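From first to last, the protein sequence lines are chains A and B. For the first sequence, this note's numbering gives the first residue as 25, with consecutive numbering after it. For the second sequence, this note's numbering gives the first residue as 282, with consecutive numbering after it.
Worth flagging that the hints you see were computed from the coordinates, not collected in a lab. Keep in mind that this is a model prediction, so the values were computed, not measured. Some hints could be false.
Said to hold, decoys possible - Distance condition first, Cα-Cα at most 27 Å in a straight line; then the derived DSS-like pairs of lysine-lysine:
1. A:76 / B:362
2. B:362 / A:149
3. A:220 / A:203
4. B:362 / A:75
5. A:206 / B:362
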Amino acid sequence: MFELRDLHVHYDMIHAVKGISLRVEQGEVVALIGANGAGKSTSLRTAAGLKKPTSGQVLLRGEDVTAATAQKRVALGLSLVPEGRHVFTGMTVRENLELGAYLRRDSAGIAQDLEGVFAYFPILKSRQRQAAGTLSGGEQQMLAMGRALMSRPEILLLDEPSMGLSPLLVGEIFDIIAKISKAGTTILLVEQNAMKALRLADRAYVMENGRIAATGTGADMLDSEEVKKSYLGGA
Amino acid sequence: MDVFLQQLINGLSLGSIYALVALGYTMVYGIIKLINFAHCDLYMVGAYIGYLCMTHAGLGFFPSLLLSMAGCMLLGVLIEKIAYKPLRNAPRISLLITAIGMSLLLEYGMMFFFSPNVRTYPPMTGLMARSFTVGGVLLSMQQVVIWLITLALMLLLQYLVHRTRAGRAMRAVSLDKDAARLMGIDIDATISYTFAIGSALAGAAGMLVGVYYNTINPLMGVLPGLKAFVAAVVGGIGIIPGAMAGGYLIGIVEVLVSGYGFSMYRDAIVFALLILILIVRPAGLLGKHEGEKV
Ligand SMILES: Nc1ncnc2c1ncn2[C@@H]1O[C@H](COP(=O)(O)OP(=O)(O)OP(=O)(O)O)[C@@H](O)[C@H]1O
Ligand SMILES: [Mg+2]
Numbered sequence: 025m026f027e028l029r030d031l032h033v034h035y036d037m038i039h040a041v042k043g044i045s046l047r048v049e050q051g052e053v054v055a056l057i058g059a060n061g062a063g064k065s066t067s068l069r070t071a072a073g074l075k076k077p078t079s080g081q082v083l084l085r086g087e088d089v090t091a092a093t094a095q096k097r098v099a100l101g102l103s104l105v106p107e108g109r110h111v112f113t114g115m116t117v118r119e120n121l122e123l124g125a126y127l128r129r130d131s132a133g134i135a136q137d138l139e140g141v142f143a144y145f146p147i148l149k150s151r152q153r154q155a156a157g158t159l160s161g162g163e164q165q166m167l168a169m170g171r172a173l174m175s176r177p178e179i180l181l182l183d184e185p186s187m188g189l190s191p192l193l194v195g196e197i198f199d200i201i202a203k204i205s206k207a208g209t210t211i212l213l214v215e216q217n218a219m220k221a222l223r224l225a226d227r228a229y230v231m232e233n234g235r236i237a238a239t240g241t242g243a244d245m246l247d248s249e250e251v252k253k254s255y256l257g258g259a
Numbered sequence: 282m283d284v285f286l287q288q289l290i291n292g293l294s295l296g297s298i299y300a301l302v303a304l305g306y307t308m309v310y311g312i313i314k315l316i317n318f319a320h321c322d323l324y325m326v327g328a329y330i331g332y333l334c335m336t337h338a339g340l341g342f343f344p345s346l347l348l349s350m351a352g353c354m355l356l357g358v359l360i361e362k363i364a365y366k367p368l369r370n371a372p373r374i375s376l377l378i379t380a381i382g383m384s385l386l387l388e389y390g391m392m393f394f395f396s397p398n399v400r401t402y403p404p405m406t407g408l409m410a411r412s413f414t415v416g417g418v419l420l421s422m423q424q425v426v427i428w429l430i431t432l433a434l435m436l437l438l439q440y441l442v443h444r445t446r447a448g449r450a451m452r453a454v455s456l457d458k459d460a461a462r463l464m465g466i467d468i469d470a471t472i473s474y475t476f477a478i479g480s481a482l483a484g485a486a487g488m489l490v491g492v493y494y495n496t497i498n499p500l501m502g503v504l505p506g507l508k509a510f511v512a513a514v515v516g517g518i519g520i521i522p523g524a525m526a527g528g529y530l531i532g533i534v535e536v537l538v539s540g541y542g543f544s545m546y547r548d549a550i551v552f553a554l555l556i557l558i559l560i561v562r563p564a565g566l567l568g569k570h571e572g573e574k575v
């Protein structure tokens, strides 16, 4: 479904991602966890086509999209909810959601997906006419996720969706991610909240200094002493 | 009172022209954060295209206007592709210097190929030459045409920016390029589209000014360009309605100042006023944090 193969990414002299390989199968939820600066966001941005890799490959639904534009990848069914949300602050909630469907022409399907997004995030429905910049952080996160869903993605990449949210809201966001997965969307989830991410995930990868340090099922990782010590607060 | 009304009418005409040029500055700034110094020269080129169409090709006013707009659109898009696009990831100062170079190239290229001499637009004929008095105020058909064309172009622009897919893409790119790419928006195409629209508006302004003031020359864009740029800043750079408001404000103030006998200090007074506005409202008249940008 989705694969990174021996991916290297540089920012000028900084070697941020040092040859990672990972796969996500159809219907899976895969978690990617790791300390700050490990290279998680860089990997996702490279997968989405915002950053060019130095070497390695990005495969999407059987196609090598390493050289493809971000646009092509969206068309092929990849959608990234970037770290920090990046909603279009000067536009209304509704316009943000409509931009999510920018490449689509099927207005009936778009209308249907809009209702779907409102079902996940009822607050967005009542805020449709409001400028996205006036939403709270949690609401902006919901908008960013809703916007990504509007492209009807096959695979959804989520970069720290729970960042900066209240514990209550974190729980809510994780519930919705589970629902999105149940509805058939494949998910690659980057999270600081490793405990919650591992509970939700079928499989997980741990990144350290630009490399994959460990991998296994979500349950295995939760039990692993190594992972516990480093990422779960030494529990 | 009559003097005031008369000057207001004249100011509205000049303001229309500044507003059209200011729109191009603000749109290009909104999308690539570049002060496009060559923009004022597109206005000059537009005036020349209109001149050539009307004198040498013997075309009427409207066909000439459309051709000036089309010619400037093409030139604006080419300039972006050839001169600015390769510098997309270069330091901002390189881009700015390139824009200045492009401006000089257009001005002195025009002098080289078409001579630095002043050219005179043919006099308008028929309905366009008419003028009438309304309540003691002289109104020429040309002025009415300038207002109406400017109004039509602004409405068209609002429609393009707010109601079309490409317009929505433009606003998205100006707000957040990465997020726009994640929506599947083609950034290069959107930037070209922005240059096309802004340049066409400058072309229209050049043609209108030729008809209104009759004479054109290769350096005619410099001072109006500066004023239009200031209009864009005063309105709030990157904000479309701000450029319109700024353009009209400058045009009207300038004409009023001249009309009351201070034409010697016209530019000084205009710029002093603008500095004052910017001291009070540094983000411009319509600028605010959540301002809609293009
Ligand atoms: N735009 C950039 N320019 C230069 N270096 C960068 C840039 N973005 C990231 N880096 C560097 O690349 C490395 C990986 O960063 P990245 O953002 O991918 O980490 P991360 O795992 O997402 O961290 P976090 O958990 O804090 O979000 C870091 O050393 C970071 O400083
Ligand atoms: Mg990150």
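How the hints compare with the structure:
Only pairs whose Cα atoms come within 27 Å are accepted, and residue 76 of chain A paired with residue 362 of chain B is accepted, the gap being roughly 22 Å. Annotation: proposed proximity of residue 362 of chain B to residue 149 of chain A is violated, straight-line Cα distance about 41 Å (limit 27 Å). Proposed proximity of residue 220 of chain A and residue 203 of chain A is supported: the alpha carbons are some 15 Å apart, at most 27 Å. For the hint pairing residue 362 of chain B with residue 75 of chain A, the CA-to-CA distance comes to about 22 Å; that is within 27 Å, so the pair holds.
A C-alpha spacing of about 46 Å is found between residue 206 of chain A and residue 362 of chain B, which places the hinted pair above 27 Å, so the restraint is violated.
When held up to the earlier numbered hints, the structure conflicts with 2, 5 and fits the remainder.
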